[in-house]
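Student: In order, the protein sequence lines correspond to chains A and B.
So in this note's numbering, the last spot in the first sequence is 850, and the numbers never skip.
So in this note's numbering, the last spot in the second sequence is 1853, and the numbers never skip.
Please note that the accuracy of each hint is not assured.
Here are the computed lysine-lysine pairs in the PhoX-like style, where the Cα-Cα straight-line distance is at most 25 Å [to be verified]:
{"hint": "1", "chain 1": "A", "residue 1": "K661", "chain 2": "B", "residue 2": "K1722"}
{"hint": "2", "chain 1": "A", "residue 1": "K681", "chain 2": "B", "residue 2": "K1722"}
{"hint": "3", "chain 1": "B", "residue 1": "K1819", "chain 2": "B", "residue 2": "K1640"}
{"hint": "4", "chain 1": "B", "residue 1": "K1640", "chain 2": "A", "residue 2": "K661"}
Chain A regions said to be covered by chain B (calculated; three or more residues, Cβ under 8 Å) [as the list claims (entries may be wrong)]:
{"hint": "5", "segment": "563-572"}
{"hint": "6", "segment": "619-626"}
{"hint": "7", "segment": "653-660"}
{"hint": "8", "segment": "804-816"}
In short, the hints are calculated from the structure, not lab data.
Beta carbons: idealized from backbone N, C-alpha and C, even for Gly.
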Amino acid sequence: MDFSSINPALLIASLMVSATPILLAAIGEAVAEKSGVLNLGVEGMMIVGAVVGFIIAVNTNAPLLGFICAAIVSGIFSMIFGILTQYLKSNQVATGLGLTLVGLGLSALLGRPYEGMKSPTLRALDIPFLGDIPVLGKMLFSHDLMIYFSVFLVAIVWWFLKFTHAGMVLRAVGENHDAAHALGYKVVRVRMLAIMFGGATSGLGGAYISLARVPQWTEGMTAGAGWIALAIVVFASWRPWRVLFGAYIFGGVTVLQLNLQAAGASIPVEYLSMSPYLITIIVLVIISSRGNQGAPASLGRPFHASS
Amino acid sequence: MYIKSVIAGAIASVGIAAAALAADVKVGFVYVGPVGDYGWTYEHDQGRLAVEEHFGDKVETVYQELVPEGADSERVMTQMALQGADLIFTTSFGYMEPTINVAEKFPNVKFEHATGYMRADNVSTYSARFYEGRAIQGHIAGKMTKTNKVGYIGSFPIPEVVRGINSAFIHARKVNPDVEFNIVWIYTWFDPAKEADAATALIEQGCDVVLQHTDSTAPQAAAEKAGGVITFGQASDMAMFKPTPRVSSIIDDWAPYYIARTQAVLDGTWTSTDTWDGIGPGMVGIGEITAAVPADVKAEALAMKDAIASGDYHPFTGPINKQDGSVWLAAGETADDGTLLGMNFYVEGINGDVPQ
């Protein structure tokens, strides 16, 4: 067995690419769930973002614009879920699943003319000085903008939920919507905004798959990444930095096991293949085993202003 | 009274018109990926479209894409049978047992399962000798690799995939004794992101040729992004990646088979059969070898293709040893189909084990 062929710098670099779509989707879903909304439509919002980002990037030759449009369109798309569940009081689980199905179908329709086309990909940033550091430069400072943005976004969400008044209102709405309503907070408005944020970041995550990770458009290309993101939110007990940690562990073990296979490790392939799921769950359960890690108390419950 | 009879007459005539429009035979297709994968499922769907075009109104086709292998596929097949399908093609290895189960419940519906080995009175099997195409890819890969490392993305460790690896390896080694194969199993037929990750991992390990036995074009895109890597189209031409990274391809041509089997149902002559055709009968095609391949290598590859097509050359011709060094085929001996269909071992020289 020869592991010298596995270059840790390249491994970390691939890990971040592999984890970013899940991270983006999961951080948005974490905010939505913190406000008490369980949106199972992540997969659908991601794939809409993937196709919209791809279409815009191909037509304008500007991948960054593709990302922006993906976020906007997926944010609007998530409003289908928002209006149905918040105003028309439909069941969140069923509506979320419906959103996924609609997203998969809609993206297939929109994407048909773009199958097999190539997209302009996001260039890696050329960071002066930092990018020239040996090993570390390649590992951490040679990525495209979206990777840094995703980490920045986690920091913003953490700061927002923990230190801002609006963040506290959002959490209050998620913990006890009746009490929040009695205090005069606009429960439905807060939730609509949280759903829209979740849609926008899911769209970014999807676009990252079609514009950076693969990069091309193929029908059904998110292939379950949205469900992984949903699971990571739960196992990370709704905490932003743990979401980042979970996504990176998942992405990291995925990439590592592929590299181990490619390097000819004598570990049975079956164990390697299940390792990303297993290790991510075990690690997150262990770090979440202490303290109060419960789900937002109003998660998934419908809100009636009359009650 | 008069109006009533007019309405009744109108309804009756609409009924007759509808009956006249109804197709004689309804053919269902169950796909594991999306029809737009530009690989495996895309080619099966091209076959379906060829059936529609060939028979016109006489045949109606229906299909369901992205059907997971296993229990869920039984539901899809049952639904198709209940909707009146006379012939159902189930086009992935993992549909094997579900197909047999559903076929038992619908003895009057004919089933055709691709790449499997379980048959019944109303279940046929069919597959293509992809390993013939793999031999040609192996030859080109062995000649063209500069790092002497060839990457191979495997889906599931089933005989069909193992056979392809062995065939490619034997022919790569034949022209390049230093070549090594790095094999990665990803346990899915279709997951573009994972396929791209696997290709990237192999490329980072120094592979400058990547072969894939998965269904999407993502490994091609990853290879193109990395640069300096060659690939081969899998199951479909994947022509959008010409002239590099894709330098050639294996194309599955199911259309003639699908038309012939549908015709058999129309004629009432359908019987359970086992079909396994290769380059000769045209079920396996070799896509254009691009200018990125040196002319002499291209000529050799085409000569091999002709020899395989005419039956002069069998890709598994001895002497070939198994991985453990024991003799599998003596000099001049060719593999029998039974061994090939159940192949679960690597040939001598490949590193690693076949996951069991």
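Student: Checked against the structure, which of the hints given earlier come out wrong?
Tutor: 4, 5, 6
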